[in-house]
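Engineer: Residue numbers (UniProt numbering), protein chains in the order written: chain A, 1 to 324; chain B, 1 to 324; chain C, 1 to 324.
Some clues are possibly wrong.
Pairs count within a copy or across copies, as identical chains cannot be separated in the list.
[To be verified] Straight-line Cα separation of at most 25 Å, SDA-like style, residue types lysine to any residue; simulated pairs: (1) Lys115 <-> Thr92; (2) Lys111 <-> Ala39; (3) Lys95 <-> Leu117; (4) Lys228 <-> Val67; (5) Lys245 <-> Gly62; (6) Lys245 <-> Ile2; (7) Lys312 <-> Asp219; (8) Lys95 <-> Ala39; (9) Lys283 <-> Arg126; (10) Lys226 <-> Val116; (11) Lys298 <-> Glu132; (12) Lys115 <-> Asn244; (13) Lys95 <-> Arg315; (14) Lys228 <-> Asn9.
For the record, the hints were derived by calculation from the structure and aren't laboratory data.
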Amino acid sequence: RIMRPDDANIAGNVHGGTILKMIEEAGAIISTRHCNSQAGEPSVAALARVERTDFLSPMCIGEVANVSAEITYTSRHSVEVQVNVMSENILTGAKKVTNKATLWYVPLSLKNVNKVLEVPPIQYARKEQEDEGKKRYEEQKLDRLETKQRNGDVILPVINPEPHTVGYSQSSLIHLVGPSDCTLLGFVHGGVTMKLMDEVAGIVAARHCKTNIVTASVDAINFHEKIKKGCVITVSGRMTFTSNKSMEIEVFVDADPFVDEPRERYRAVSAFFTYVSLSKEGKPLAVPQLLTETEDEKRRFEEGKGRYLQTKAKRQAQMQQAAQ
Amino acid sequence: RIMRPDDANIAGNVHGGTILKMIEEAGAIISTRHCNSQAGEPSVAALARVERTDFLSPMCIGEVANVSAEITYTSRHSVEVQVNVMSENILTGAKKVTNKATLWYVPLSLKNVNKVLEVPPIQYARKEQEDEGKKRYEEQKLDRLETKQRNGDVILPVINPEPHTVGYSQSSLIHLVGPSDCTLLGFVHGGVTMKLMDEVAGIVAARHCKTNIVTASVDAINFHEKIKKGCVITVSGRMTFTSNKSMEIEVFVDADPFVDEPRERYRAVSAFFTYVSLSKEGKPLAVPQLLTETEDEKRRFEEGKGRYLQTKAKRQAQMQQAAQ
Amino acid sequence: RIMRPDDANIAGNVHGGTILKMIEEAGAIISTRHCNSQAGEPSVAALARVERTDFLSPMCIGEVANVSAEITYTSRHSVEVQVNVMSENILTGAKKVTNKATLWYVPLSLKNVNKVLEVPPIQYARKEQEDEGKKRYEEQKLDRLETKQRNGDVILPVINPEPHTVGYSQSSLIHLVGPSDCTLLGFVHGGVTMKLMDEVAGIVAARHCKTNIVTASVDAINFHEKIKKGCVITVSGRMTFTSNKSMEIEVFVDADPFVDEPRERYRAVSAFFTYVSLSKEGKPLAVPQLLTETEDEKRRFEEGKGRYLQTKAKRQAQMQQAAQ
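All chains should be built: construct the whole structure from the sequences, respecting the hints.
Structural biologist: Listed below in structure tokens is the structure:
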């Protein structure tokens with residue numbers, strides 16, 4: 001579809017959140033279709049996890065987004081989907097790869113939302129494809145368990161913060177979940193959640209560096225808990241790390257089923273977003289260093305540095321491999 | 001994309017206007033891409049006309065709309081696009097053809113919106129395809145001239161109308177044209193206009209019969225004049241004809257460039273929409289007969305009857321042909 | 001959240017209606033949460049009234065709106081909420097107070113929408129806070145009764161009106177109430193209604209003065225009757241008074257439960273909006289004087305003048321008090 005002014009920031013760059021939402025919709029369609037391809041109990045595929053996703057080149061207002069999706073692996077209860085996004089300038093014909101994302105879905109019964117159904121197996125062209133898929137499946141399963149433990153943190157407000165401290169840029173928004181945010185089962189689309197997370201992370205980044213910012217990448221996101229229609233969700237973000245030219249922001253999503261539910265507010269999702277700041281010519285700008293004050297902030301900064309260096313090393317290894 | 005509650009009425013049927021908007025967006029993308037496929041002045045394809053479009057089967061919330069578009073003819077300054085819409089129930093896998101629409105676009109220069117550029121010719125597989133396309137092109141050109149003359153009419157308000165008269169159900173809405181309604185040239189997308197027209201026509205139909213209604217077909221729509229960002233548009237509808245089970249509504253779109261512009265309000269588009277009323281089981285219901293009062297209303301009723309009988313005869317001829 | 005192009009007019013000023021909608025959403029969330037804070041029948045807080053609200057400074061595209069809400073008084077069956085809106089330019093860090101609004105909510109049972117539940121009392125830091133709250137509660141109750149009686153008026157259409165008369169700028173729109181407009185109870189959010197009212201009032205103001213306009217204030221709005229999903233609402237506005245630099249517009253909301261309901265069209269809300277016209281530099285411009293023709297128009301003009309002078313006197317008294 002054609003990118004509109006509301007999909008973009010004032011510099012004309014399409015929000016990462018808009019793209020994540022399109023990716024998730026494509027993934028939900030293909031995996032729901034697959035899970036219902038054999039006779040049996042009807043199901044709706046729910047997003048369980050998105051692997052780390054890089055934004056390879058910015059998309060602009062007026063360009064057309066081409067989204068394609070393919071199922072690359074199935075386990076007994078989950079589907080791995082590969083989604084590619086290309087931006088196309090229909091005036092010049094220029095096309096660019098914007099994103100390559102990997103998503104995991106789980107089929108939930110349409111009649112009983114707490115029942116996970118079985119996934120029809122796909123055929124692999126080569127045995128190695130199945131083996132590699134299985135490896136990816138085991139890896140993401142481990143990672144999901146780990147993040148579940150990390151999830152207890154809360155963002156507290158800070159009075160009169162100094163510029164460039166964590167408290168200075170931290171932000172949160174609340175959103176009342178409406179019908180168009182939800183699937184047939186009455187739960188929030190993963191893509192809607194990711195769009196809100198990107199919105200908050202973008203505000204944190206812009207408050208910190210005061211210049212035009214764009215989403216550079218999103219770390220793996222695990223969807224631990226479903227969010228129901230009628231909930232109020234609070235999305236909070238705080239900066240955890242800055243390199244010379246990038247900012248890492250941690251985002252939490254809390255759901256508050258405040259009507260007709262005995263349940264307490266709970267943590268539904270958390271993730272790390274990385275932003276860069278771009279000049280008018282599209283060149284990356286230096287960003288102010290994050291000032292850490294408390295012990296926790298210093299620890300999170302070091303952890304962010306670890307993720308940053310790991311990603312950098314991985315990218316360099318890939319480039320060397322590609323060059324050989 | 002997946003149909004959401006906001007795309008549909010309370011009975012769960014997707015609004016004809018939502019479908020028309022998707023059709024037009026697909027047409028605008030493919031024709032703009034084609035018009036810029038050769039070196040030269042960049043252009044944006046503007047919708048000039050939509051041929052009569054039937055809604056063959058209703059689409060529902062939760063279904064996926066598959067839209068495909070193909071260029072079927074090019075004249076020197078215009079492009080004919082054929083767009084097909086299929087509804088897919090991703091739970092059952094059932095697919096149905098919802099619409100087959102034909103649209104005409106004209107490339108306008110990105111630098112000078114009043115300049116119509118030349119269209120790169122397409123290659124035809126067979127000579128007859130070109131000849132048939134040329135015939136369609138000549139026919140629509142004639143029809144465009146005709147409707148331009150009919151366009152002077154105005155809908156006057158009626159005080160305390162009787163049930164089932166024209167004045168009883170006539171309706172109008174105003175809409176302030178925002179950035180997301182517009183193309184790169186700053187003019188309203190034809191699809192946005194058609195969605196508003198369907199909204200008004202649907203309200204007229206529901207006011208008349210007080211039951212659940214769906215769009216059955218749209219007569220050829222000619223876009224005589226562009227509408228600029230910042231205009232207020234008034235969309236008015238009045239019932240012109242009823243058969244036993246269908247209602248015909250005439251819709252006018254007037255644009256009012258009311259801020260910082262010396263120009264007067266002008267008629268931009270007009271068209272006929274046909275609606276049917278459906279029971280909960282999806283069966284067509286009888287509709288109350290339209291009560292005509294003035295000479296003009298009686299004349300318009302007879303004209304509507306003419307269009308109705310002509311369409312009916314054409315459809316029977318097609319069915320006989322198909323049966324042979 | 002960040003203000004987008006669709007939230008604003010073509011001069012980049014955010015519509016008053018967008019801000020009113022955010023205010024109401026914040027109020028609905030905090031009061032629903034409060035009313036469900038004790039064990040008992042679950043309820044949804046419905047907007048009953050908004051006190052007079054001034055727009056202290058304009059908000060622009062790209063700025064972040066910070067909305068905070070606090071419960072300031074509870075009676076047996078109603079909750080008073082104070083909502084503050086700040087605009088923040090995240091590039092410069094500049095913050096401005098945009099609005100201070102007071103809203104009244106009533107908890108309706110989730111199981112039986114016609115049953116008003118009891119509100120858990122709040123604790124007051126000082127006895128005077130409770131006394132002042134009670135005084136505000138009694139005052140608004142009186143005012144609600146009064147406006148209920150005023151509510152019978154209808155806006156009649158005028159053929160070929162002269163510029164700057166009442167008939168020249170009067171406008172109305174219709175809107176089909178969709179799922180996203182509604183609360184969990186299936187009734188229209190007060191904020192959605194106020195956004196439509198601001199849209200119509202803004203079009204009336206712009207038609208009158210033909211220049212860029214912004215909402216300056218909204219008089220107290222009473223929500224007499226709920227509006228159900230599937231209704232068509234007609235929002236009509238007419239100018240009642242002009243001072244040198246401001247325009248007062250009266251807005252009516254009528255609901256038409258036209259499908260499968262025996263009920264007649266009814267008046268749901270009415271209110272007065274005040275607009276000013278701004279130059280490109282943000283300075284207030286002189287507006288053309290309203291030409292009154294009928295006796296009713298002259299009377300309404302005088303009443304509007306009364307409200308204008310009263311507000312002016314009140315503001316001057318406040319400024320003197322503040323200066324002491």
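Engineer: Does each hint hold? Answer for all of them.
Structural biologist: Hint check results:
no. : hint              : result
1   : Lys115 <-> Thr92  : between (49 Å within a copy, 19 Å between copies)
2   : Lys111 <-> Ala39  : within (15 Å within a copy, 30 Å between copies)
3   : Lys95 <-> Leu117  : between (39 Å within a copy, 24 Å between copies)
4   : Lys228 <-> Val67  : between (27 Å within a copy, 24 Å between copies)
5   : Lys245 <-> Gly62  : between (28 Å within a copy, 23 Å between copies)
6   : Lys245 <-> Ile2   : between (30 Å within a copy, 23 Å between copies)
7   : Lys312 <-> Asp219 : within (13 Å within a copy, 55 Å between copies)
8   : Lys95 <-> Ala39   : between (40 Å within a copy, 16 Å between copies)
9   : Lys283 <-> Arg126 : neither (42 Å within a copy, 50 Å between copies)
10  : Lys226 <-> Val116 : within (13 Å within a copy, 31 Å between copies)
11  : Lys298 <-> Glu132 : neither (37 Å within a copy, 47 Å between copies)
12  : Lys115 <-> Asn244 : neither (47 Å within a copy, 43 Å between copies)
13  : Lys95 <-> Arg315  : within (23 Å within a copy, 41 Å between copies)
14  : Lys228 <-> Asn9   : between (29 Å within a copy, 13 Å between copies)
Violation of the numbered hints given earlier is confined to hints 9, 11 and 12; the remaining hints are satisfied by the structure.
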